[in-house]
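These protein sequence lines map, in sequence, to chains A and B.
The first sequence begins at 1 in the working numbering and counts up one residue at a time.
The second sequence begins at 1 in the working numbering and counts up one residue at a time.
Treat the hints with caution; some may be incorrect.
[Unchecked claim] Reference listing, derived: stretches of chain B covered by chain A, where coverage requires no fewer than 3 residues with Cβ under 8 Å from a Cβ of chain A:
no.: 1; region: 128-134
no.: 2; region: 153-162
no.: 3; region: 205-213
[To be verified] Derived lysine to any residue pairs resembling SDA-like cross-links, with alpha carbons at most 25 Å apart:
no.: 4; chain 1: B; residue 1: Lys12; chain 2: A; residue 2: Lys227
no.: 5; chain 1: A; residue 1: Lys16; chain 2: B; residue 2: Phe35
no.: 6; chain 1: A; residue 1: Lys227; chain 2: A; residue 2: Arg211
no.: 7; chain 1: A; residue 1: Lys16; chain 2: B; residue 2: Ile195
Everything labelled a hint here was simulated from the structure, so no lab data went into it.
Ideal placement from N, C-alpha and C gives every residue a C-beta, glycine not left out.
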Amino acid sequence: MEVSKLLGFLLRRGVKAAIVVLAIVVCNFLLVHAAPGDPASVIAGQSGAADAVFLEQLRKQFGLDQPLHVQLWIYVKSVLSLDLGFSHRQQQPVSLLVLERLPATLLLTGAAFAFAVTSGVTLGALAAQRVGTWADSVITVVALTFYATPLFWVGLMLVLVFSVWLEWLPSFGMSSVGADLHGIAVIWDVAQHLLLPALTLGLFYLAVYARLTRATMLEVADQDFVKTARAKGVPEGRILRAHILRNALLPVITFAGIQAGQLLGGSILVETVFAWPGIGRLAFEALLARDYPVLLGVFFCTSVMVVLFNLVTDLLYAIIDPRVEVAG
Amino acid sequence: MKDFWRRYRRNKGAVVGLAVLLLVMLMAATAPLLFPGSPWDMASAPFMPPGEMGMLLGTDSLGRDVAAGIAHGARISLLVGAVSTAAALLVGVSLGAVAGYLGGFADDAVMRFTEFFQTIPSFVLAILLVAIFTPSIGSVVFAIAVVSWPPVARVVRAEFLSLRGREFVQAAEVLGKSRISIVLTDILPNALSPIVVLSSLMVATAILLESALSFLGLGDPNLMTWGFLIGSGRSVIRLAWWMSVFPGIAIFLTVLSLNLVGEGLSDALNPRLARQRSGAA
């Protein structure tokens, strides 16, 4: 019974996710057609790098000589078969370019996310516990500060302090150029390169999670079941961990799903600052070259990742909180 | 009004925020007087550190005055922030009002549409929009408006849902007022305070978005912006830290002051909520 319910829930969410993905493909198609001028020449870029063969190839991919709905159908079919077009600038299929860069971005966003959630929830919990004291004020001010600072600027300042002035950490790329490293040394090298970008990307979300955790913990702490626990003599530490924090975590999970897209968007800025070889950097390079197939590919890929991530958080939510109606 | 100001004043941070915001506005308004001439013109030797040769905040790689760039950039940041927020409010309020007042199928359709826009990575979409429609102040405003209306629609819908069943709305319906006039003259004025609070936060987010876009080289090529200043300082940060440090501080102060003003407005407009909050805090 339980398993079949969960499967049905998964199926419904899966269908919903598929519809969103389809809508994104249509959105991509409309974007290309909304641009001024011939879609083929828009995709090829205005700088004259496109030759007649490439334009012809694009016209074929979009079926530009056919009615609009046929064009849409052709485009949807090609994207769903994972054909995201061809980057003339890089002489490679877009799907290959994106896949090549994906692991670096996943590493960066994953590390930033883990850092933001763990330290954000910890700081938020500390602030909620010490409501009204100076520690609470400090945490609130820190959160407000990171909330108002541009991500790319934080990155540049960290480079300035830790790479230029102190010379502690590398500011560029994912691994040392020309170094012949093996085994554990490679991991150590990548970790050193990862620290600043992950910190930059994570600090903003740390602020968000700290504020969210503080607010929900204060709310939960007022509820009856906490008073009951206290009345029956449960130790204060256990009340905090098992009763308050556990319930306060639910909105944090929901929020993580909502934030996934912003995290990926932020990685474009961070990867640009640190020359991190992920899809964000790919998007920036494509931007400079006006390489539209790659930009559209990055948009599609990041959107699909967000949809998948939301699917996971939905499932997680249903597992953690048994009260959630899986019928929803 | 006096009451409003008294409640606003109780939030110290909000008062400081308002003062800073007014200073930034003053700087934007007086930029052509403080720094006559184009901020793109060479003012001194390149890479002058702050304080040297009369350049308060130093010069960039082409000898342009960083301080002049910041003052002129304030105009663009505030303008883009205000106009794109106004556009996003127009879309968000209209859609939210339709969804919340009509309910049923219209509500469902609008909410699915809103959810879709909240799912897709908004910054990536903004980049794509500006790149495809070629960078200009118009396309930047358009892109920011497209990605920032969904929260407005949600808030307005929720307000309308709770207000439409109230007695004064029912009375207006019985009196035979048209739907449009009920929405505009009866419901909307009562839903204004969350919209006001939200819009001050939206201006802040819009300024951050604009700076990020122009940092990536997607700003209007004819306009000096804070993001452009930081972007051009990025590659020479080892030589000239001041090129990226000062414009960033300008963005930070402006955005922070807008966030603080938002909190103050929220306290002043929802006195009950504010008391609850200070009771809990």
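Mind listing which of the numbered hints don't hold for this structure, in increasing order? 2, 4, 5, 7
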